[in-house]
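Bring the two chains, given one by one in their own frames, into a single complex with the hints.
Protein sequence lines, in the order shown, are assigned to chains L and S.
Quick note, the first sequence lines up with residues 19 to 277 if you use the numbering used here.
Quick note, the second sequence lines up with residues 114 to 618 if you use the numbering used here.
Some hints here could point you the wrong way.
To be clear about the criterion: a stretch of chain S counts as covered by chain L if any three or more of its residues have a C-beta under 8 Å from a C-beta of chain L, and this derived list gives those stretches [stated by the list, open to error]: (1) 527–539; (2) 610–616.
Derived list of chain L stretches under chain S, where covered just means 3 residues or more per stretch with a C-beta under 8 Å from a C-beta of chain S [to be verified]: (3) 107–113; (4) 120–132.
Pulled from the structure, derived: some chain S residues nowhere near chain L, Cβ distances all over 10 Å [to be verified]: (5) GLN281; (6) ASP392; (7) THR511; (8) GLU607.
These are calculated hints, taken from the structure and not from any lab test.
Note that CB positions come from ideal geometry on N, CA and C, so glycine has one too.
Chain residues, written in single-letter form:
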Amino acid sequence: MQKSRGPALPTAVSIRGVSKRLGGNLVLDDISLDLPRGQTTAVLGESGCGKTTLLHHVNGLLRPDQGVVEIFGAALDYERLPELRRRMGYAVQAVGLFPHLTMRGNLALVPRLDGWSDERVDARARQLMQTLHLNADLLDRYPHQLSGGQRQRFGICRAMMLQPDLLLFDEPFSGVDPITRIRIHTELLALLRAEPATTLLVTHDVREAIRLSTYLVVMAHGRIVQHGSVDDVLASPADDDVARLFSEQLRDPATGVTR
Amino acid sequence: MNPRRAPLVVLCTCLILTAAVGQERPIVVGSKNFTESYLLAEIMAQALEADGLTVERRFGFGGTKICYEALRVGEIDLYPEYTGTLTQVIFPDRAGDDPALAAALVDNGLRILSPFGFNNTYALAMNEQQAAELGIRRISDLAQHAALRAGFSHEFMNRPDGWPGLVQTYGLANTAKGIEHGLAYQAIASGNIELTDAYSTDGELTRYGLRILVDDREFFPRYLAVPLAQATLDARAVLVLERLAGTLSDETMRHWNARIVVDGISIENVATEFLTTVDVKFSQAAALGAQVDRARANATTAILSRLARNLRRHLELTFGALLLACIVAIGLAMAVHRSATGSRVVLYLAGLIQTIPSIALLALMIPLLGVGVVPALAALFLYSLLPILRNTLTALTTVDPVYREVARAMGLTRRQQLRYVLMPLSAPHILAGIRTAAVISIGTATLAAFIGAGGLGEPIVTGLALNNTGLILQGAIPAAALAVVTELAFSLLERRLIPAHLRAA
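Next up, chain S with everything else stripped away, as it sits in the complex (with noise of 0.2 Å):
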């Protein structure tokens, strides 16, 4: 292996181990990746700031089961979940009363706290003029008027207390897709789709002029908002948390989020003015806090630094994985590349790797190796083998007859034939393999953010679940120009490294 390449090598070793051990625990609040769920972090994080203790912010995980699992094997700590999550997804195979709800959650080490008071369960919304006009007030009507396109949350498509039950306890027979809830709203309000799942305390709802149908059947179970947090959460910070116990109405919630989605203040804001109305003690504290906030959130400077942290961060993900990746495929082709069943094993089997939806990967990852910047390196590393093994095997298998021939009778060791004289007259090959390969990962490193990793994609996910596309912009433009980048670095390394005349066209 090239010396020159050492230094990087421990780079990313240390990275991944101060990543992996180097975490030193304050009180880790987390969130999953919509307004509510992150209003609710962040007030609980405030309060407890408020009361002293330390608290690290780990918003924005992408969907139930990777915040969950997240806290299951201990990487937050505590994150705002709702009753009818619990006992219709995390615990489907428990009975449904709340004995078996504390048994489950005793079972995995975890506690529920005091609900903040509000219901926010699923509903159904439409437009509020065309449901008028068709005279739909309750779902029920909606079994004349199956030409109804519906667009669902994917969560929703798929759980029993979804849209199959909805089926068939109201015997519907609209057409339903599914559609990233971010994006549901926008897609009636431009016609796509007239009806999606809401939920009960959705600030938007007001803004796009939606009215949720009256659930007549009570098919909906109750979605009572509750701290989920570990068994062993300090008994200083329960204390703190109970005393946000019942706090919340839904028409209270209903109106906080609207002050995020609507009024576009920003969550911590938002979270501060709510804790000012709860307690005097919180209010001091909040108040103080959040003007510190404010000044930080509005500079300029602020902006950018985040830019840079997350830019750093993507890096450290894209080039961390790219880096492992390039040693091991390049590795893997160069020990198998003799052997065509080796070589069709190996290719078949990254193949098989990179047909798992990125954001599946992740989440698989979260029981190996947790959440945050190691399982997205090694999702991100296995999404890198395919491209560079590829060309690095297709490289290696095709050289000319003639050189390999030529090196063999020149008295070359295998070793020797590889290094001198099947490597180098692969290199364009191989170049082009990482090239492509650091594209397709940066890209997909946006999705990292899902399992708490940060990067580009933390501007890109909470302004999906804000619905505020400055902070989309926020990421998705440094990773496209870093894409561009990318690109023109690698043609001017192949200008370097290659000569003219064995450059691909």
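If we strip away everything but chain L, and leave its shape as in the complex, we get (with noise of 0.2 Å):
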């Protein structure tokens, strides 16, 4: 597929013509997409639009009624979903850490699974940790020990602990408050910086996706409203809908301007 604004880049993500229907709804509808190699792309829209769904479809957890994912340059072959899904790190926004393991339990889980020692998962640990200000003697703690914003690091942590050359994040930091995750932005751009992942980042703040991103999509019942750079994006909203979203959210409470 052909970019009409920006440079080409290499293609990571290759979504072609894919459908879904869940329930009897259509909530996917023909979507097509490409997510630039190393890049982040955010997923805007509100819930339902089917942001979560296509998020799904990414790493397979859905197949598509038609259409075809493709993954670095191959299509998702669904037989070896375990082996692909190691090279995709995943988080959601209730984070998903075990609760019967510790944090060095549940960020060692899989990289011993795939043979890595004892010392290699500390060490790794310890320097996304770092970068995340989290303290090491969180490790022996369990979930319910733990504060909402260093739940939400250690599920970034976990999603990175194999280095992946794919993130997805399905709306990982709205279960913290606003400074924290302002915090937990800047951290992961800093991640980012060093580590550079092809990143899906879905979520309904814009502000957030705005931060972390440099494409934007814009989804609505099931169908891409908008999609290019961020700046173009807010520069010339494809629609009135398009335009209600970043007015709404990007108004500044104290001033009643927007951005």
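Laid out in structure tokens, this is it:
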């Protein structure tokens, strides 16, 4: 697929003509989308617009009724999902840290299955935790013994342990207060600068999308309404609904002035 | 599977195998679970021993069908039976005459030896004083006293020559309910019932001051006690047993029964006492044996060693079955938990097994697996399945969907999802299921004594049959204690295995 604007970047994920029905509703309606390698693409939209469903097609949690998903240049092989998914970090809103494991256990689970030594696991964990301002003594705690912000950070750590080529984030920061969220954004940007990965971020928070990503995709009713670089999309919203989405969220609460 | 469990599996398999094939066979004497059957069996056993034969005692089978089945499949070589029971219960389809009975026995590879002499037929008994006040002497008198409540043994309630036939022959209208025979006399003494079935040679009749009502229409068939044996029974043993023919009359049998149930003398000693009256040869050998027996029975160490033996067997039964049930139930649950239909079918089947009364399930095992440890293990295993299966399946299917989704998205294979996420998260529930199964199993295992598997049920069953409360407590107290200890042990296990925040409240 040719891009109309910007340099032609190599494609990490290519979604072509994907449609999906769930419970009788057409949740994805002929979606086509390319994720440029090493860049962050944010998918914006209201609840129920299909953005999470789209993300679930990338790592094969769902299979399309029609269309194809290509990862790193090859059609997604549904027989080899466990292997492929280890190259895709995954973090979700509820974080999903396993309650029966300590943080060390959560971080080490998949690396150990991949044959990592304890030392290597520990070193990698500490490296990530340092950037995310997590103290090493938290490693022996269980999820319920951590604050919301700490859990979100460990969620990101776990997603990035294997240094994946692809990161899939489904509203991973929505459970924390605004101040903590901004701190985590900053830390994540630092991580991605050090270890660039193709990132797909699903969010309903416009500020978050702008802060973290290079490209914006706006979805409504299972379709892509607009797709382009952040500046382009902000400068010329495709329709009134997109314009309203931006103006509502970007108005400064103190001054009432839109950014 | 956890490698630490391997030795236990091996142990359990060995246990089953040795129980199944490792039996060297002396002459195995069986008995049903009431005093006279015990006594006749013990008399036969001592008589055989006096002649130098080796005897194994497998007493206390829980009912005619179970005891007969044990004989038919060759688990025991002989036991005392009654001719009336043979014609009415065991071969109800054959004509009641002697040639027909003999033919039926031959067909099954069995034979009866000469009768002991007495006729222990069914009888109806009621309180002597009350009977005198109401002027009831004969069964036909009951027709005028329909308000008298009857409590009958379950067998009597259902036999054609029991209550149903009696109602027809005498036109009775009394209400009747089933009651464990060992409790019926006490129920009369405490005024809960007025009427019960009795055996005409029962020694307890005198103790409780009960009158036997005259069977004026000669309804009850004759119940001559005979040794019922394998057709292949050792010829020497047959000769010994034939010397007992005709040695017991109704009166003497009631006397010897009363020695046990009224005077409280042990079955072994009464058997010896009786044998000394029969034959000089018996008397010498039996008296010698009795001295040994008496010394053995009186020592506290004997009680303790019997307790230890029963306890060990009880533990083998309970935890052997539990271990097998854990392996099968958890394995099955892991196999079917993804399929809603599969889960439902498996749970339904396990639930179906659970609805079979435990004593019936034990009896059902006999045609398949004989008597003793193996069928008891099988029955307890089947009973332990449901609690473990239900808890494991419920736990696996109700794990928070977020953890399922994350486990898949992280790149865990199905097996890894189960092992590292679903099973650990389900562990508290699974452990609770195993705990429930263990406690149920400890209770149910006391019934295993009915099919000759031993355990703490052995003194309970014997005590119930002999109306000996002390004996009942020797089984009941350790069984209750074992249940409590098991509960505690599982609490400790839960503390060790499961982090505090995941434990069930």
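Evaluation of the provided hints:
{"no.": "1", "hint": "527–539", "result": "holds (count 5)"}
{"no.": "2", "hint": "610–616", "result": "holds (count 3)"}
{"no.": "3", "hint": "107–113", "result": "holds (count 3)"}
{"no.": "4", "hint": "120–132", "result": "holds (count 3)"}
{"no.": "5", "hint": "GLN281", "result": "holds, 66 Å"}
{"no.": "6", "hint": "ASP392", "result": "holds, 73 Å"}
{"no.": "7", "hint": "THR511", "result": "holds, 14 Å"}
{"no.": "8", "hint": "GLU607", "result": "holds, 14 Å"}
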